[in-house]
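**Student:** What follows is the residue order along each chain.
There are 2 protein chains.
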Amino acid sequence: MSDTLSTTFAALADPTRRSMLAQLARGEATVSELAAPHAISMPAISRHLKVLENAGLVVKSRDAQWRPCRLEVAPLRRVDDWMAVYREFFEGRFDRLTEHLKTMQPDRDTSAGRRTPRQRKEKRS
Amino acid sequence: MSDTLSTTFAALADPTRRSMLAQLARGEATVSELAAPHAISMPAISRHLKVLENAGLVVKSRDAQWRPCRLEVAPLRRVDDWMAVYREFFEGRFDRLTEHLKTMQPDRDTSAGRRTPRQRKEKRS
DNA sequence: TGTCTACTTAGCGAAGTTGTTAATTAACTA
DNA sequence: TAGTTAATTAACAACTTCGCTAAGTAGACA
Numbered sequence: 001m002s003d004t005l006s007t008t009f010a011a012l013a014d015p016t017r018r019s020m021l022a023q024l025a026r027g028e029a030t031v032s033e034l035a036a037p038h039a040i041s042m043p044a045i046s047r048h049l050k051v052l053e054n055a056g057l058v059v060k061s062r063d064a065q066w067r068p069c070r071l072e073v074a075p076l077r078r079v080d081d082w083m084a085v086y087r088e089f090f091e092g093r094f095d096r097l098t099e100h101l102k103t104m105q106p107d108r109d110t111s112a113g114r115r116t117p118r119q120r121k122e123k124r125s
Numbered sequence: 126m127s128d129t130l131s132t133t134f135a136a137l138a139d140p141t142r143r144s145m146l147a148q149l150a151r152g153e154a155t156v157s158e159l160a161a162p163h164a165i166s167m168p169a170i171s172r173h174l175k176v177l178e179n180a181g182l183v184v185k186s187r188d189a190q191w192r193p194c195r196l197e198v199a200p201l202r203r204v205d206d207w208m209a210v211y212r213e214f215f216e217g218r219f220d221r222l223t224e225h226l227k228t229m230q231p232d233r234d235t236s237a238g239r240r241t242p243r244q245r246k247e248k249r250s
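These protein sequence lines map, in sequence, to chains A and B. Mapped onto the working numbering, the consecutive letters of the first sequence carry residue numbers 1 to 125. Mapped onto the working numbering, the consecutive letters of the second sequence carry residue numbers 126 to 250.
Hints were generated in silico from the structure; no laboratory data involved. All residues carry an ideal CB built from backbone N, CA and C; glycine is no exception. There are no misleading hints in this set.
Distance ranges between label pairs, derived from CB positions:
1) A:Ala-36 with B:Ser-166: 43 to 53 Å
2) B:Gln-190 with A:Pro-43: 46 to 56 Å
3) A:Glu-53 with B:Val-210: 12 to 22 Å
4) B:Phe-215 with A:Ser-61: 12 to 22 Å
Straight-line distance between alpha carbons at most 20 Å, and here's what the computed SDA-like set of lysine to any residue pairs gives:
5) B:Lys-175 with A:Ala-10
6) A:Lys-50 with B:Ala-135
7) A:Lys-50 with A:Arg-18
8) A:Lys-60 with B:Phe-214
9) B:Lys-175 with A:Ser-6
10) B:Lys-185 with A:Phe-89
11) A:Lys-50 with B:Ser-131
When you get a sec, could you build the whole thing from the sequences and use the hints?
**Tutor:** Following this line, the structure appears as structure tokens:
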């Protein structure tokens, strides 16, 4: 789980953290302000924030005893880039996909995946 | 972690699983075919696949002793919808964001987040 | 029937996550 | 100096995840 994308997805896999990001999207906020809407302890919030920081989604600065947090979208852009491949499937742009399938499908049974010489029955659609 | 989006993000937070999705984006594949590129045991693959199935990202069918798997993009569409809010930050369409910030920022210190009556020093930028 | 292939389930251990409370650090304030 | 506020760290319990090996199920085929 050391790669950037995995870290980002893992950070996003929590409703509390996504809620915090949504709040930061509306503007900077301190740790207490981010904690307010949630019914969990400050240490728990602090740790959620650390997860977001480690994922590069949040940057903390200092202002006296406060720690204003700011949203950093670079990792989300990487998620968006990753999504591009799959977006073709649900945005109706099937042109490139269809072409892709036509190119890849015939290679299926010669790929490393098929370990037995036995042929699988092809179902006609 | 019971909500759909969290389950989807958690499923995506693993390079092996994302690799399997990428393979399925090129066309249907059996469990063995999905296992082939990875240096892990079949049971491990089977479980990764179950995670993807539980997230609704993969649908398994039956063909004799084979289990052809197919990509299901509905959960990815939901991720894409969730991304929409943040996409404004890195796609150069700052118009709505700027407007948003102008509306939200003045409310900051009257929000539930500030528990003390004490005013925080505002830094001029 | 017996064996092969494809795949899943069970059981284990190591490691990580998420919450808690209690204690600690750091900065402001009276 | 002493007290308050903001936030973090430490220590712990409950639970999940991810890998493994071994064993089990189910279909094809000789």
